[in-house]
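Student: Input sequences plus hints: build the corresponding full structure.
One-letter residues, chain by chain:
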Amino acid sequence: MRTVRIARGLGLLLSLGLAGGQVQAQQAGDAARGQQAAATCVACHQADGSGMHVAGGESWPRLAGLPAAYIAKQLHDFKAGRRQNASMMPFASMLDDQQIADVAAYFSQLPMTDAQGGEAADEALLRRGEQLATRGDWDAYIVSCKSCHGPGNQGAGSTFPGIANQHAGYIEAQLRAWQKGTRANDPQNLMGAIAQRMSDRDIRAVSAWLANQSVASD
Amino acid sequence: MTPHKTTLGRTALAVAGATLAAGVSMAAWAEYETLVEMGYPAPQEGELVHVPPTMADLEQADIHPELKQVIHRGYELFTDTQQLRGKNVFNDMNCSSCHLGEGRQPFSAPVWPAAVTLPDFRGKNQHVNNLEERIAGCFAYSMNGTPPAYGSDDMLALSAYHQWLATGAPMYPDQPIYGRGFPAPERPESLSYARGEALYAEQCAICHSDDGAGLYQDGEYVFPALWGDGSNNWGAGIVRTHTAAGFIKNNMPLGQPLSLSDQQAWDLAYYMTRQERPQDPRFTGDVDEVLERFGATFHKNSSYGEVREHDGHRLADHANWGEKGDVVPWNVGVPRFEDLKD
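These protein sequence lines map, in sequence, to chains A and B.
Mapping to our numbering: the first sequence position 141 is 141, numbers consecutive.
Mapping to our numbering: the second sequence position 281 is 281, numbers consecutive.
I should point out that these hints are in silico values taken from the structure, not numbers from a laboratory.
Be aware that a few hints might be false.
Far from chain A by the CB rule (all over 10 Å, computed), these chain B residues [said to hold, decoys possible]:
1. E31
2. A61
3. P65
4. Q105
5. D120
6. G151
7. Q203
8. L215
9. T284
10. D317
11. V327
Which residues of chain A face chain B? A partial, calculated answer using Cβ under 7 Å [said to hold, decoys possible]:
12. M94
13. D96
14. W138
15. A140
16. Y141
17. G150
18. A156
19. G157
20. A177
21. P187
22. A193
23. I194
In this text the structure is predicted, and so the values were computed from the model without any measurement.
Glycine residues also receive a C-beta, built at the ideal position from the N, C-alpha and C atoms.
Tutor: Encoded structure:
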């Protein structure tokens, strides 16, 4: 039996990850160098990488504790236009490949911070969110989030990032983007296919519930 | 137990399950509309359509609280069978690894039919099996383990879960069951290991890893092992190419059922089932003897004992039992009703 553990917080040496095709070869990143290169990132993503839930606006995701390879892929995708975001593209374009690796390493090893946006959700909405996140709704062919995002929705390898303890506004925005097709950089349309089956209420439910999941750092 | 009605319409109460016979309209079981929209076949007139209750229904059900707990325990064992690792389970699998949607999902071998079609004669072991013996088979083969004892708490909990899912379905239905098993698409003229291999790298490896070992994360097997010591052994139903093709076509990639062509599903099944895994518990030391004894009832449909073209490796020609070591599943090879066979 092969047992593979992913040390999520250690971004110093980026591996190929367990995924077969999609994670591109990564350069080794240096967190100390990354802290320097991240000077422009912190304005939105904050110095502790916590990001911010912005009600009714564009939320900035928590980056602290996300897999380094995942962060790097998103930056490469923003730069190349494979992921569309007007705010992120100019910032991603300022970084070269080494800086991307460094910045990813830096944020990935920052301690986890708490998310916002799920406080006002009522009991019924949270129950639906928990259902979708942990068991899914197979009658609507919505596979549970944890099927891919791992135990506690804290991530599985570097292909499937942790989504627990992420800002509700950010999760909502991504799910809607997948639904509309304005985000499509997920490997094999794995996320798009699921998002398309979610109702508006489902999206709000799962976002609120995940934001409420406090996750301790490694 | 709350009595159940079998009608053409749904009642307004918290119905634990809905079962309908011939001549149904779509509105009668709205749960399966989505499946049909996704491309699954619509239920045909004369088919038994059953929508198993959910764990949410269990919470509301008017049944004895201890029964609820026992059914819930069965559900937990079904979805986290790993808790029996080292005792009954000796690989990386859970029942729900293949019986998707908590064992409720049509076209993903939902488990409730076993509760209403058994006891019955089973070709695999050539005698009449009841539900517990059927479940025991899953432990011996799919879990590369040894089953909990008949009548034990764990076995009772698992059967209770199966029966709960069958709530309202008729016993010994004389109709074909909608969504039963892993129905295989028509077998194409030729299957290609090389095509299967290439497609695997492109479509499957992202979750199941390049070496088919799946993904282990934070104490759980997020994606199951498809071959190797972590997977089912050579006696499991899914080693049969048509069963694997049926599973893959109707369920994979996860969340994207029916997205692969019939040819692709069969090529992937061919590739996957021609990888090594722990030995069949019925092995006595000789691959040809296993083929002789169990070819007609089982291995004629698998690649057991075949020689792989690209490397000359003869499949299953080994005595690797995986993590199980010399643990022998007590239910394998045990005959029944020998006096009837005179």
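Student: Among the hints numbered above, which are violated by the structure, and what are their numbers in rising order?
Tutor: 1, 4, 7, 8, 12, 13, 20
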